[in-house]
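Student: Each chain, written out:
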Amino acid sequence: MEATLMDLAAMVGGNLNGDPEKLIFNTASFEMATEDDITYAAGASYLKKINECSAGAVIVPLGTVIDGVNTIDAASPEGAFAKVKMFFHKPESMAREINESAYIGLNLIFGSEVAIGPFAVIADNVTIGDRVSIFPGAYIGDNVVIGDDAVIYPNVTIGQNCIIGKRVSIHAGTVIGSDGFGYTQDEGKTIKIPHTGIVHIEDDVEIGALNTVDRAVHDKTLIKQGVKTDNMVHIAHNVIVGERTLIMAHAGISGSVEIGTDSIIGGQSGVVDHVKIGDMVYIAPRTAVVKSVETGESVGGTPALPYKLALKVIAAIPKLPGALKRLASLEKKVEAFINSQTQDKEK
Amino acid sequence: MEATLMDLAAMVGGNLNGDPEKLIFNTASFEMATEDDITYAAGASYLKKINECSAGAVIVPLGTVIDGVNTIDAASPEGAFAKVKMFFHKPESMAREINESAYIGLNLIFGSEVAIGPFAVIADNVTIGDRVSIFPGAYIGDNVVIGDDAVIYPNVTIGQNCIIGKRVSIHAGTVIGSDGFGYTQDEGKTIKIPHTGIVHIEDDVEIGALNTVDRAVHDKTLIKQGVKTDNMVHIAHNVIVGERTLIMAHAGISGSVEIGTDSIIGGQSGVVDHVKIGDMVYIAPRTAVVKSVETGESVGGTPALPYKLALKVIAAIPKLPGALKRLASLEKKVEAFINSQTQDKEK
Amino acid sequence: MEATLMDLAAMVGGNLNGDPEKLIFNTASFEMATEDDITYAAGASYLKKINECSAGAVIVPLGTVIDGVNTIDAASPEGAFAKVKMFFHKPESMAREINESAYIGLNLIFGSEVAIGPFAVIADNVTIGDRVSIFPGAYIGDNVVIGDDAVIYPNVTIGQNCIIGKRVSIHAGTVIGSDGFGYTQDEGKTIKIPHTGIVHIEDDVEIGALNTVDRAVHDKTLIKQGVKTDNMVHIAHNVIVGERTLIMAHAGISGSVEIGTDSIIGGQSGVVDHVKIGDMVYIAPRTAVVKSVETGESVGGTPALPYKLALKVIAAIPKLPGALKRLASLEKKVEAFINSQTQDKEK
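Listed in order, the protein sequences are those of chains Z, U and F.
Read in order, the letters of the first sequence correspond to residues 0 to 346 in numbering that gives the first Met the number 0.
Read in order, the letters of the second sequence correspond to residues 0 to 346 in numbering that gives the first Met the number 0.
Read in order, the letters of the third sequence correspond to residues 0 to 346 in numbering that gives the first Met the number 0.
A few of these clues could be false.
[Said to hold, decoys possible] In silico contact screen, one side only, chain U against chain F (beta carbon under 10 Å); selected entries:
1) 100
2) 138
3) 154
4) 158
5) 209
6) 287
7) 304
8) 329
9) 340
[As the list claims (entries may be wrong)] Capping the alpha-carbon separation at 30 Å, the derived lysine-lysine pairs in BS3-like fashion look like this:
10) F/47 <-> F/84
11) U/332 <-> F/318
12) F/21 <-> F/82
13) F/318 <-> Z/324
[Said to hold, decoys possible] Per the computed footprint, the stretches of chain Z lying under chain U, defined by three or more beta-carbons under 8 Å from a beta-carbon of chain U, are:
14) 70 to 78
15) 136 to 142
16) 151 to 158
17) 202 to 216
18) 227 to 238
19) 296 to 304
20) 308 to 315
Hints are computed from structural coordinates only; laboratory data are not their basis.
Note that beta-carbon positions come from the ideal geometry of N, C-alpha and C, so glycine has one too.
Take these sequences, add in the hints, and give me the full structure.
Tutor: Here it is, written out as structure tokens:
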């Protein structure tokens, strides 16, 4: 694939400074780009070393002009570069058809330009919007609804009755709608609490690879519009995750937790059940959240402390062994001094 | 689906107080229930606010009678409600047949009313009991034995020779019988230790979604009767997990660990290899167990401490930065005082 | 299967002391072995209790001879035993053919003795070396290259363009080439950064079950020769893992981290993005690495401290609650003494 710089400038709506006819064949990182590639300068530090960059063209911040370098400017060079990448590279994709090796249950309702791969299983009474892609090996349970432009990657499992919004991506191996972990005692026996609720994933959500999102006991586990999760995130039954919240790898959210909008849950963090996390909360990586966190707060540590205090604790902890020695030594010193003074007096 | 309150009372063996002919169409949570739903009151706090509940009927503790509310009583309202839920909701299920799109290897022995879904793979010499369900995309290796009423959810992998008990559920994406992580040195090269043992899962075990249970080096990794694991639990080679023990999400159990009966391993906990954990042990979430834990003990922290001490440590840690300042200040104060006293004497 | 001790001695190149015609039918652990089994003595502690061992023969350290016990000696008894195990036990395997139930895309190039299982999906333009095994339910994306003797276990997903080396094993359910977690802002909207790089896994790598290795933003995420990962390891975009490094279960490596050769990353550890970890580094289990670690260093703790200091901190932490009490008491004592002295003087 190829494009002239003139075409690329038009594509991102930026000003071209350089040779409009120059052909570009690919995108590359600032460090690895060659004469055939376009790259971008993320900020001032990249502009300073732009003469070390061998790219055929560089996307730069708005208004930047550099002698002898082909540039296209953009308010967000990274955003503009993303558009250019999407031109040169096609994402994992399939033919827009229902592959004859897929299994299609009863009463499938589907939109236009749907792609269903080999060995995908669509159980009964499923509804699939326009341009949905369901990759090989994915399992879509009875009564599931999937919105327009959603992409379900290979070997994903979506349990019965779940609702998946528009433009949702669910990466490979993820399990949506597994039973929550819930048991009760009846007549001296452990019995499983039937999980009859669903998982509802709203529009524009991206769920990473190998996530688990458990269905609710009743009602629904709810992942709201614009949420993004990294890989190996576990979200338990009845959780609500607010709009645009980000959850990083290996984080675990226990049952019935409510998380607000625009929050960030760091990697390997854990949140105990039934707490509330407000909007715009920052939870540092490896934090153990054991009580509710108010809107706007930042927390860190095990268990979670206000972030500034957590940083102080982190700085203090290596000093603890020395401090214990100093404390013991001071105790002796004080004891000895008091004794000596007392003896002095007794003399 | 629908049932009269009379029928539902008979179903759970409870006393009905109210209209026996009233029709109920569904179950719901206490908060979300409507006139068509039945719900339950988990305890006294729910009974107090029962007039806020719009349910058509409420399952209540034994002997409870409330004016103007249709109630059914039960020793365990939650247990009775579970039964009612199982009447109204069918779990993820399949036609009781071997789907023609499944792959069936040589010498399959299978019981009655077996369900094997599309694109499930049954390798050679497999034995499957009565009423077993094997969902689409599951892989069952050579010589595997699966007991009556077991349910293997989509995209599960069970490696060769493993044994799965009766009434076992294995949730989607889980891997049973992966090789343990074991290497040795021979003639200066790293070589893999062949893992020739199996995983044996006894009756009534429920394994969550996206678990890994590694096969033993020799002999077997053993998950005993009634164990329940949450999602993303890792159980390494040669581990033994005792009867009815619960293991929460993201917990990792290292090689050759032995865990007793009726213990609870909290979420995101880790247990180092070769330690023993007794019966009725409680391991708090996010605990790092680095040595054996006796029967009946509770532990928490990294590394694990007796639980009460762990709570004290947790309460003490935020005070550490301040304590370091106080210590330094006290050191100066003592130093200054001793100096002043010594000078006094010298005068 | 069976073999004489003479044959087994020849197989491992060791000296037989005992009955050359004795038949052995299986391998077993030292504790569980019977007269029909061969086992090995891992070290001096096993040799001491060799009369408690019922094995038909024991592999022992070089030069060891024990009266009345059939022994074969070897420089590495464990290594020799591994060879014997590989004789008696066949690993999970398939017929050397492309199963007619597999889906094969356009332009597959493949070597000799390839095994592709039922319902495996090979997308377009894939290249597969000699003796490669691709188990049921695995998905191999467009343009993927897989080297000789690689084994791709059931339900693995390998995204487009990725490169897998020779003798690589990728265990069940693992996802190679998922998108990295990367978003940027453009015109006030969150947009996804297209991940157009690949994952390149070099020769002799073993990736455990349910791992995720994300593709690079550009260029590649690189897992070098001889790396071994345990289960549920997450490796983010643009990471480089050096030769022969081991990564234990539930560890998470954030974006653009570079790890050197022959290092060990303990279970449940986390490494923040963009740091460098040198060669022969030891990262203890449950460590949070927040800055670069030099070659040869050992670290532990949250956040990571030099290992010896981490051990001192671990020993000190339980003393913290008591130390706070001692500090308060010492403060009072000093205060009281100073006051008393001052009053004395005032008198």
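Student: Residue count check for the stretch 227 to 238 of chain Z against chain U: does it reach three with CB-CB under 8 Å?
Tutor: Held - the stretch 227 to 238 of chain Z has 3 residues with a Cβ nearer than 8 Å to chain U, which meets the minimum of three.
Student: Should the hint that residue 154 of chain U touches chain F count as held when the rule is a Cβ pair under 10 Å?
Tutor: Holds, because the Cβ-Cβ distance from residue 154 of chain U to chain F comes to roughly 5 Å (cut-off 10 Å).
Student: Take the C-alpha atoms of residue 318 of chain F and residue 324 of chain Z, compute the straight-line distance between them, and say whether it is at most 30 Å.
Tutor: With a Cα-Cα distance of about 11 Å, the restraint between residue 318 of chain F and residue 324 of chain Z holds, given a limit of 30 Å.
Student: May I ask you to test the interface hint for residue 340 of chain U with respect to chain F, counting a Cβ-Cβ separation under 10 Å as satisfied?
Tutor: With Cβ-Cβ at 7 Å, under 10 Å, it holds.
Student: May I ask you to test the interface hint for residue 287 of chain U with respect to chain F, counting a Cβ-Cβ separation under 10 Å as satisfied?
Tutor: With Cβ-Cβ at 5 Å, under 10 Å, it holds.
Student: If you take the shortest Cβ to Cβ gap from residue 329 of chain U to chain F, is it below 10 Å?
Tutor: Where the cut-off is 10 Å and the nearest Cβ of chain F is about 6 Å from residue 329 of chain U, the hint holds.
Student: Mind taking a look at whether chain U covers the stretch 151 to 158 of chain Z? Criterion is 3 or more residues with CB to CB distance under 8 Å.
Tutor: holds (count 3)
Student: Okay, the stretch 70 to 78 of chain Z and chain U, do three or more residues pass the C-beta test at under 8 Å?
Tutor: Contact hint for the stretch 70 to 78 of chain Z vs chain U: violated, 0 residues under 8 Å.
Student: Would the hint linking residue 21 of chain F and residue 82 of chain F be met if the CA-CA limit is 30 Å?
Tutor: holds, 19 Å
Student: Per the CB criterion, is residue 138 of chain U less than 10 Å away from chain F?
Tutor: Since the shortest Cβ distance to chain F is 4 Å, the answer is holds.
Student: Restraint: residue 209 of chain U near chain F, CB-CB cut 10 Å. Satisfied or not?
Tutor: Check passed: Cβ of residue 209 of chain U comes within 6 Å of chain F, closer than 10 Å.
Student: Are three or more residues of the stretch 296 to 304 of chain Z within 8 Å, CB to CB, of chain U?
Tutor: holds (count 4)
Against the hints set out earlier in the document, a violation occurs for number 14 only.
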